[in-house]
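Turn these sequences into a full structure, and let the hints guide you.
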Amino acid sequence: MAEEQKEAKPKKRMTATKAAASIGPMVKEFITGTLQAKAEGKYKVAYTFIVCHHEEIFRALDVIPVWTENFAGICGAKRDAERFLQRAESLGFSRSLCTYALCGIGFDQWREELGQMPPEAPWGGQVRPDFMISSGQILCDPRSKWYQASQQFMPDVPIYNIDLPYPLFQENRDHREVLGYYHQYIVKQLRGLVAFLEEQTKKKMDYDRLRELVNLSDRTWNLIDETYKLRRAAPCPMGTGDAMNTMVPINFMMATQKAYDFFVDLKKELEEKIARGEGEVENEKYRLMWGGGLPAWYALNDFNYFNSKGASFPVETTYRMVAPLNEMDLPETKDPIEHLAWRWLGYWTFWYDKAKKRPGSEPDVERLINWIEEYKIDGVVMHEAFSCRTWHVGLIWQLHQLAKIYKPIPVYMIGKGGQKEKVYRELPSLILESDIIDITSYSEVDTRNKIDAFVETLESIQSNRAT
Amino acid sequence: MGDKQSHIFDTVKNYYNNYGLRAKELKGEGKQFIGYVCSLVPLEIITASGCTPFRVRGSVHEPITRGDTLLETIVCPYYRSVFDLSVKGKYNFLSGLVIPHGCDSMVRSFSAWSYGLPFSYFHFVNIPSVCDESSLEFFDAELDAFRKSLEKFTGKAITEEHLRQAIRVHNENRDKVRALYEMRKADPPLISGTELTMTLTAGSSLPIEESNGLFDQILTEVKGRGKSPLKKGPRIFIDGACLDNIELIKLVEELGGNVVADTICNGARDHFPKTEMGGDPISALSRRYLGKINCPKTYRENKAGTFEGDIASRFGDIGAYTKEYKVEGAILYVYKYCDPFGFEVPARKAYYQSLNIPLLPLEDVYSSGTIGQLRTRVQAFLEMIG
Amino acid sequence: MTKVVILNKGIIASIIGPTGPEQRRLANRVMEEALKQAALSIQEITFIVATGYGRINVPFADKQFTEITCHARGIVHLFPEARTIIDIGGQDVKGIKIDVSGKVIDFVMNDKCAAGSGRFIEVIADTLGVSLDTVGDLSLQSSHPATISNICTIYAQQEVAASLAEGVPLSDLLAGVHQSLADRICRMVNRLRVEQAVIVTGGGGKNRGLLQALSEQLGQEILVPEEPLITGALGAALMGKEIVEKARQNNTPLETKERILGAVEIL
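For the record, the sequence lines run as chains A, B and C. Sequential numbering of the first sequence, starting at 78, is according to the numbering used here. Sequential numbering of the second sequence, starting at 13, is according to the numbering used here. Sequential numbering of the third sequence, starting at 6, is according to the numbering used here.
Everything labelled a hint here was simulated from the structure, so no lab data went into it. Check each hint, because a few of them may be wrong.
[Claimed, not checked] In the SDA-like style, the derived pairs of lysine to any residue whose C-alpha atoms are separated by at most 25 Å in a straight line are:
1. 262(B) x 62(C)
2. 361(B) x 196(C)
3. 262(C) x 49(C)
4. 361(B) x 195(C)
5. 243(B) x 69(C)
6. 315(B) x 229(A)
7. 304(B) x 292(B)
8. 243(B) x 258(C)
9. 433(A) x 128(B)
10. 433(A) x 157(B)
11. 262(C) x 398(B)
12. 286(B) x 366(B)
13. 25(B) x 228(B)
14. 243(B) x 256(C)
15. 431(A) x 133(B)
Shown next as structure tokens:
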């Protein structure tokens, strides 16, 4: 079965921007780069996870990160994850667990068993690491379990687990009351990481270099924010389909000049497109927000399907793992580690104050409301991937709460006494269901039926509005 | 349960079947109950505040309906059931609810709980995912914040003396549970697994002093028994997360097994570790809840550098229990969608193999509808090891 | 389906009853038939063992064992070299691992979901209007097995119907369906670390198309008993015989039920 799926390779997705089109080769180069680095043995190679605010530390010590979520995503996008998932399953892991992790563990076990890469490993395969940096956070359980499980098959590869919590939003509490001890803890965790990496690489941290790298990624953060805000234009010059490519420099290349330059180019490209009035969709009819959930990597063509119906995606909550630093009010510090910890907390609590001001709101809901207004959104689309609780639990509730406190669409109804009355209704929303990489959970026919029905809803709202 | 049921086991059964009965009575007398999910919530702090901790339960017999309109079905089925009962109003007698960072299902659904339920007090306790010096320090501060939030809620200070007193009674409770477990060492055990789990479940709905009293009476009753309520059979160990109902254990015992020990949350995981007396009470609590509660959610460093050494240290408590209670077979009972336990299944299997104890791994969905499937598996397992 | 095996020194009666829930309730009729075949009265049967899903509901059985234990016992009797058994029944699929002495050392079962069992083939055969007996041979004529992407029986049924309408040959569809089921069976039994000899029993053992797909995907040769439907009942009878022999040896009384052939209570 796996083989047939491989044959049924998806057609290459059309991107709206040149920048997005350049991503594929970049990732491939990156993967081959890790293989080469390992072969040459000059640098240490480490498994790790995205969204840990530790890239600067890695790069300052010349440790090459292998983003294991990325590799699983590549297997998914190439529709070649099934054989690794099955291997994990036959080891005794349930298919209901995070499929990124299952794919990675299945691959690792196979590579370790063979003593070489599994046959026809996607893009040359995932390199054997020198060590693994996992991160239990208040974010994702599999992050502290995955490498531990993989270690069964490579017990000589050490793990260092850093903890990076943030204060969960609690309606009746000012999170500033607790930020102090959260910050202290994260600083200590990151210093622990520095010590571990120094020991592994036999190098001393160069704090000036670290400071430069932190400064570089800070500038990149702000640049990304400015670039993405250009997508507010109508027609929207770049959609979520492309953003699922441009997430690569945000999440895998942070703290590199290349990532910064990428966004310089993208910003310029978007400005030019806007000047020409060129949109992602030729005739933009609906502006949608990808309001939650990781994409089904093997079905990114669904974004083109949306496009073909005149629907564009100017904004998404997924993988936009940056926020404007100048709006964060971070304490001044000369210590780059302390700054990383503040930035971490600043990112996760970014919407807290705003959410407190709107009755019934909550940070995730508040972000939806703000972006619906800023990007002039007509409807919200989410994806529920069955194997991942981290990003896919709470979505139904968010839509529920959104509908309760935010009704932006005016409609006229015949009220009491036969008078026309203006009332407001909520934005339409759609939840697609499948998985990040487990293609057996996906049905193209069903998905597209759902999309068609959703577009019909948008259409009828638009025509009602006109009358 | 045995044919001749004593009065005290009738009380237990009543508390078990009408869960929350006593809380509703005491609420009428002005007592405040604070609900909690998961073994990681420091109960002593709730007790010290003058409120009563109350473990909210799910029900395998009740189909999940309203809960599913607010929460994805990819959430741990046990937790979904607890949520469903809560939004249906079963626990409306509570004054508040505390949810810890036990797993993603708890974290990601916190808003759905706190906005959807009518309690005046809500609190989230963040639990570190590692256990080192800095995480204990952080946890001290987090527990102190929990203490302060309860003080704000009750309007009364929680003094060190209150905390010490609460630690003492909760430790007493744990001693009594140990004593009950001692009764399982006879062959066949003097107390059945069904009776024991029912007793512990009933206990988690009572003020700690009442729970202590109840356990004393059960202990007296069981000690006075001439013989076991069970026929001698394979001595079975239950390994897994929260099992707040008797269905699986009852099934094993109906089919001829004797359930003699466990790691479950409503069993040894919750009740065995004690809090150090003396010293700073908050820091003693953080050491108990982070350091001593052996939950896969907390990452424990592999200090051995080998897989065998790693599992021996991570699962060493299992090895000790299986020896102490002369276990002959184990059932690993894991819920579908449970990432913390799910990722440990192969390692746990390997560990049981190293102990030479046959293992039946089960993945279940917290519904009485699956009992038929479980029956065949459990019976075949008992036939296999018998 | 209800099956009965009566054993003396060898098999003296073996009956396969008709399918259906009503038929299961009337297991006593199948028993009657078997007794007729053996020319025995129910009182003359020393010991009766029931197995399978309905095992607890057979009123005249003296003892119940699971089908895991019984299949293993029956297969080891027929194939002493067996190490891995795959039972493909209408309701579920089981994998059983046997050690050198014929003892069960591990087993896996699928959830009670039609997609992972022989029922999957039944439903699809029905959709395609092909009789169940011929699906196996028909599928072997295929040169380009179709891809069945849905794992849920209901969806797969729709998918197959749609492909048929599009003109995909029947044999290719059936081959695709067999590969899909073989794939799921493989994923499950691989958890046992499959070892030779591999025996397939149950209704699936009669489907040559499924056997070929399974053999290819497992990368193992597969053996099938002459009459794969009765190995569970045979095992049950062997277990019964053992109990009787043991009791005679130890001179202990046999605990038996009253010999009345009542209908099965369905709970």
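> Is residue 25(B) within 25 Å of residue 228(B), Cα to Cα?
Replying inline: holds, 16 Å
> Keeping to a limit of 25 Å between CA atoms, is the pair of residue 315(B) and residue 229(A) held or broken?
Replying inline: holds, 14 Å
>> Need the status of pair residue 361(B), residue 195(C): alpha-carbon distance at most 25 Å?
In response: Status holds; Cα separation ~15 Å.
> Within 25 Å, alpha carbon to alpha carbon, are residue 433(A) and residue 157(B)?
Replying inline: holds, 20 Å
>> Check whether the Cα positions of residue 243(B) and residue 69(C) lie no farther apart than 25 Å.
In response: Holds, at roughly 18 Å.
>> residue 243(B) and residue 256(C) were given as a pair; does the straight-line alpha-carbon distance stay at or below 25 Å?
In response: holds, 22 Å
>> Please verify whether residue 286(B) and residue 366(B) have alpha carbons no more than 25 Å apart.
In response: Between residue 286(B) and residue 366(B) the Cα gap is close to 28 Å, so the pair fails against 25 Å, i.e. violated.
>> Please verify whether residue 304(B) and residue 292(B) have alpha carbons no more than 25 Å apart.
In response: holds, 17 Å
> Given the hinted pair residue 431(A) and residue 133(B), is their alpha-carbon gap at most 25 Å?
Replying inline: Satisfied, since the Cα-Cα distance of roughly 22 Å is no more than 25 Å.
> Is it true that the CA of residue 361(B) sits at most 25 Å from the CA of residue 196(C)?
Replying inline: holds, 12 Å
>> Can you confirm whether the C-alpha distance between residue 262(B) and residue 62(C) stays at or below 25 Å?
In response: holds, 19 Å
>> Hint check: residue 262(C) vs residue 398(B), CA-CA at most 25 Å. Holds or violated?
In response: holds, 23 Å
In summary, the structure is inconsistent with hint 12 from the numbered list given earlier, while agreeing with all the others.
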